[in-house]
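One-letter residues, chain by chain:
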Amino acid sequence: MIVKIKIPHGRWVPGNMPDVTRQYAAELVSRGIAEIAEVQGRLDLPPKKAEEEKDQPIVVNNYFMSPGPDDTGDEGESPDDPGEKPRKKKKD
Amino acid sequence: MATEGIINGTNLRIYAGGTVIGNATSCTLTVSREMREILTKDSPGNGWTENKPGRKSGTLSTEGLASTDTANRTPKYLFDALNNGTPIVLRFTTDVVGDTYWEGSGYCSSFESTAAVEENATYPAEFTVHGAITSGTES
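As they're listed, the protein sequences go chains A and B.
Numbers in our numbering are just positions in the first sequence, counted from 1, shifted up by 22.
Numbers in our numbering are just positions in the second sequence, counted from 1, shifted up by 1420.
Same shape as in the complex, but just chain B:
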């Protein structure tokens, strides 16, 4: 049954290759479309720019607390994905039947590991989607 009401952000997660990224504290899906500005001397009006939709792109980013013994995806997995240039099937979903999901194949394009004294070690990472991002309903 689809999630009722406002979706709890905790339940929306990034699954990399079918397994969730472990100990995530936040994740973001960004889909953008650039606009082709059109402005010529023949354009109507007084200098108002017209826009037409252009190229589309998407990224998925996440941040989590670093752990090596989680059964889910670890920071090492993300580093290896970046280092090897391995394409990963990425799914942004609650994994609840009836809810919307977004899916695409992408590469890990950014990985960090931060460690401050007496604070949790964290690992922000970003995936750049290669090709189309599709959306559907979990069934």
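For reference, chain A alone in the conformation it holds in the complex:
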């Protein structure tokens, strides 16, 4: 519980707002040293409202789903890849 110090006490000076146990706060208040602070900063803030979930557009990448006419069957090779050019035979 946060209390507001009214008169010097130990190293506390008026205006200090220490966080003490409720038992200690009651003792400090009864002795006139402190008063219960209006702002109790440790109290939880109200929970934030959950954000609405929206459907995410799904883009299906199916570029490589079907083999093309030049597909050699090698995995990982792009259909646009011309592949290895046939070597010219050396003339003897």
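Watch out, some of these pointers could steer you wrong.
[As the list claims (entries may be wrong)] Under the rule of at most 27 Å between Cα atoms (straight-line distance), these lysine-lysine pairs were calculated in the DSS-like manner:
| # | chain 1 | residue 1 | chain 2 | residue 2 |
| --- | --- | --- | --- | --- |
| 1 | B | Lys1496 | A | Lys28 |
| 2 | B | Lys1461 | B | Lys1472 |
| 3 | B | Lys1496 | A | Lys26 |
No lab work stands behind these hints: they were computed from the structure.
Once you have looked at the hints, place chain B on chain A.
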């Protein structure tokens, strides 16, 4: 009214001598019980160890950002507690009526102060509980 649902760790704090440890970023209560292993040639089974509960102990540790002008407990308080060997009443609680608290008396057994360039100065500290740790409900 007791805290509903999962307790927010931010609200569980260590109170040293009735005042919370200032600018804490984490705190931990560790309660452990050692086991007495019992294994004799008369033990039943094929070498299975039996255990009986033995000694109990507890520590409270905390880490916080160092500040000298907080109205709560400062690093200096922790150092003085360690240096003077002063017993401190330690309470690990949310301080909310209806919630569970743990309390014991202990000594500051470890204190550090770390300061890295362009980072927050921090002060990890540990308390070793002297005697029993009791648990109850805040009322």
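Verification of the hints:
{"no.": "1", "hint": "B:Lys1496 with A:Lys28", "verdict": "holds (24 Å)"}
{"no.": "2", "hint": "B:Lys1461 with B:Lys1472", "verdict": "holds (17 Å)"}
{"no.": "3", "hint": "B:Lys1496 with A:Lys26", "verdict": "holds (22 Å)"}
Of the numbered hints given earlier, the model fails none.
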